Amino acid sequence: MWNKAAVVLIGLGMALGVSAVVAQTSPIAARKALMKANNDNARVAIQMMRGQAPFDAAKVDAAFVQWADTAQKLPGLFPENSKTGEETRATPKIWANKSDFDSKAAAFGKAVAENRDKAKASLDGLKAAIPVVGKACDNCHEDYRAPKQ
Amino acid sequence: MLRKVVIFAVLAAIVSAPAFWFLTIPATIPASALAPHTPDLANGRTMFLIGGCASCHAVPKQKDEKRLGGGLALNSPFGVFYVPNISSDTKDGIGGWSEAQFVTAMVKGTSPSGEHLYPALPYTSYQRMRLDDLRDLFAYLKTLPPVAGKVRDHDLPFPFNIRRTLGLWKLLFHDGKTFKPDPAQSVQWNRGAYLVNGPGHCAECHSPRNALGAIVAGKRFTGGQSPTGQGGVPNITQGKLHDWTVADFAEVLDTGMTPDSDRVGGPMVEVVRNTSQLSAGDREAIGVFLKSLPAPN
Numbered sequence: 001m002w003n004k005a006a007v008v009l010i011g012l013g014m015a016l017g018v019s020a021v022v023a024q025t026s027p028i029a030a031r032k033a034l035m036k037a038n039n040d041n042a043r044v045a046i047q048m049m050r051g052q053a054p055f056d057a058a059k060v061d062a063a064f065v066q067w068a069d070t071a072q073k074l075p076g077l078f079p080e081n082s083k084t085g086e087e088t089r090a091t092p093k094i095w096a097n098k099s100d101f102d103s104k105a106a107a108f109g110k111a112v113a114e115n116r117d118k119a120k121a122s123l124d125g126l127k128a129a130i131p132v133v134g135k136a137c138d139n140c141h142e143d144y145r146a147p148k149q
Numbered sequence: 150m151l152r153k154v155v156i157f158a159v160l161a162a163i164v165s166a167p168a169f170w171f172l173t174i175p176a177t178i179p180a181s182a183l184a185p186h187t188p189d190l191a192n193g194r195t196m197f198l199i200g201g202c203a204s205c206h207a208v209p210k211q212k213d214e215k216r217l218g219g220g221l222a223l224n225s226p227f228g229v230f231y232v233p234n235i236s237s238d239t240k241d242g243i244g245g246w247s248e249a250q251f252v253t254a255m256v257k258g259t260s261p262s263g264e265h266l267y268p269a270l271p272y273t274s275y276q277r278m279r280l281d282d283l284r285d286l287f288a289y290l291k292t293l294p295p296v297a298g299k300v301r302d303h304d305l306p307f308p309f310n311i312r313r314t315l316g317l318w319k320l321l322f323h324d325g326k327t328f329k330p331d332p333a334q335s336v337q338w339n340r341g342a343y344l345v346n347g348p349g350h351c352a353e354c355h356s357p358r359n360a361l362g363a364i365v366a367g368k369r370f371t372g373g374q375s376p377t378g379q380g381g382v383p384n385i386t387q388g389k390l391h392d393w394t395v396a397d398f399a400e401v402l403d404t405g406m407t408p409d410s411d412r413v414g415g416p417m418v419e420v421v422r423n424t425s426q427l428s429a430g431d432r433e434a435i436g437v438f439l440k441s442l443p444a445p446n
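Protein chains in written order, with the numbering used here: chain G, 1 to 149; chain Z, 150 to 446.
Do not rely on the hints blindly, as some may be mistaken.
[Said to hold, decoys possible] Below, in silico cross-link-like pairs of lysine to aspartate or glutamate (DMTMM-like), each with a Cα-Cα straight-line distance of 25 Å or less: (1) G:K127 x Z:D403; (2) G:K148 x Z:D281; (3) Z:K212 x G:D56; (4) Z:K215 x G:D61; (5) Z:K291 x Z:D281; (6) G:K36 x Z:E419; (7) G:K135 x Z:D431; (8) G:K93 x Z:E214.
Hints are computed from structural coordinates only; laboratory data are not their basis. Because the structure is a prediction, the values reported are computed rather than measured.
All chains should be modelled from the sequences, with the hints used to inform the complete structure.
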């Protein structure tokens with residue numbers, strides 16, 4: 001009887017564990033996490049630009065590293081079965097124009113790479129760099145991210 | 150009994166046909182209404198930017214905002230509208246139009262051939278614009294390059310393809326009145342109110358519409374259907390944006406950045422491309438006005 005209970009409990013535990021891993025690696029969850037981190041880093045940079053926080057080269061660098069990571073991972077997070085659900089704001093145009101989407105992600109990566117040194121060198125450098133990176137964010141969002149509602 | 154019904158129906162049709170015809174006569178502004186005016190091209194460009202003309206009228210899928218050859222397809226509950234060529238081309242655009250014809254189109258929604266224009270052109274907002282601003286805009290438009298090629302007709306099912314019926318729609322939803330400043334408010338507030346309600350035509354996207362496609366007046370600015378069909382257009386009254394300061398509104402129009410460090414997306418990206426080129430003063434004026442928008446009941 002205890003053997004049977006043990007099997008059931010262990011089985012349940014494994015099922016929960018597997019589902020947790022599956023939830024962890026859901027592409028929608030993964031890409032939302034990247035975007036949220038992007039935004040958190042944008043806030044850090046913007047507060048420095050507005051004089052609400054002191055300029056911190058290490059934090060700027062960390063932001064650019066995280067954005068570069070996003071650019072690299074993003075194209076792979078849109079499999080065919082991830083078009084709907086989990087409140088995704090990804091528009092159907094992504095799948096209809098995947099090569100354009102991928103090239104916009106690459107352009108974002110390029111903007112980040114080209115501006116990283118300037119941004120962490122000084123506050124003025126940061127102020128020049130951020131709008132360029134922001135434009136690259138917009139170029140993708142314009143067609144490929146639905147508005148919040 | 151049936152005979153009486155038929156007679157009544159025929160009489161009603163006979164009486165209502167001329168009544169319908171009279172009520173739906175397209176209105177125009179004659180050239181005699183236009184006093185001598187030297188165009189201010191800088192102001193014309195400002196009107197072009199805040200008016201967002203290029204957002205609809207620029208040739209799709211290319212980056213030059215000054216090529217206003219039209220062709221964009223706008224889906225609507227009433228069919229598909231194909232945005233016309235308003236370049237300076239004299240044959241296929243508006244290069245051959247008179248000033249009176251241009252202001253008539255923008256304020257009265259009437260074409261040079263005397264037909265009603267569909268309110269896909271938001272003359273329900275542009276009607277608030279002052280004649281001088283419209284004339285400056287027209288002068289500016291004529292400095293932009295000519296683009297050859299007429300755009301195809303709209304694709305609208307019956308009865309929406311009967312332009313004359315727009316005369317009735319206008320009786321209900323279009324008054325042709327110019328913006329009237331509120332003397333109790335500051336110059337800055339009035340500037341913002343003018344820009345938002347006139348050339349900015351913000352309410353056209355940011356408001357819900359009724360079954361006839363007109364803005365629900367009591368819910369103006371409380372959000373609407375996205376022009377692209379996915380997601381919604383946000384509520385921009387204080388009912389939703391009570392945390393925003395005037396500077397926050399001005400910032401969004403300058404950089405696209407929201408107070409929570411997010412970025413506006415979808416069609417608003419194109420709007421910000423234009424508003425970022427306005428003066429800081431105009432963006433702040435818009436912010437002052439938007440900050441004053443109460444939450445509707």
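Going down the list of hints, with the structure as the test:
1. G:K127 x Z:D403: holds (14 Å)
2. G:K148 x Z:D281: Distance ~38 Å between G:K148 and Z:D281 Cα, so the pair is violated.
3. Z:K212 x G:D56: Cα-Cα ~37 Å, so violated.
4. Z:K215 x G:D61: violated (39 Å)
5. Z:K291 x Z:D281: holds (15 Å)
6. G:K36 x Z:E419: holds (23 Å)
7. G:K135 x Z:D431: This hinted pair holds, its Cα atoms lying about 22 Å apart.
8. G:K93 x Z:E214: With a Cα-Cα distance of about 23 Å, the restraint between G:K93 and Z:E214 holds, given a limit of 25 Å.
In summary, the structure is inconsistent with hints 2, 3 and 4 from the numbered list given earlier, while agreeing with the others.
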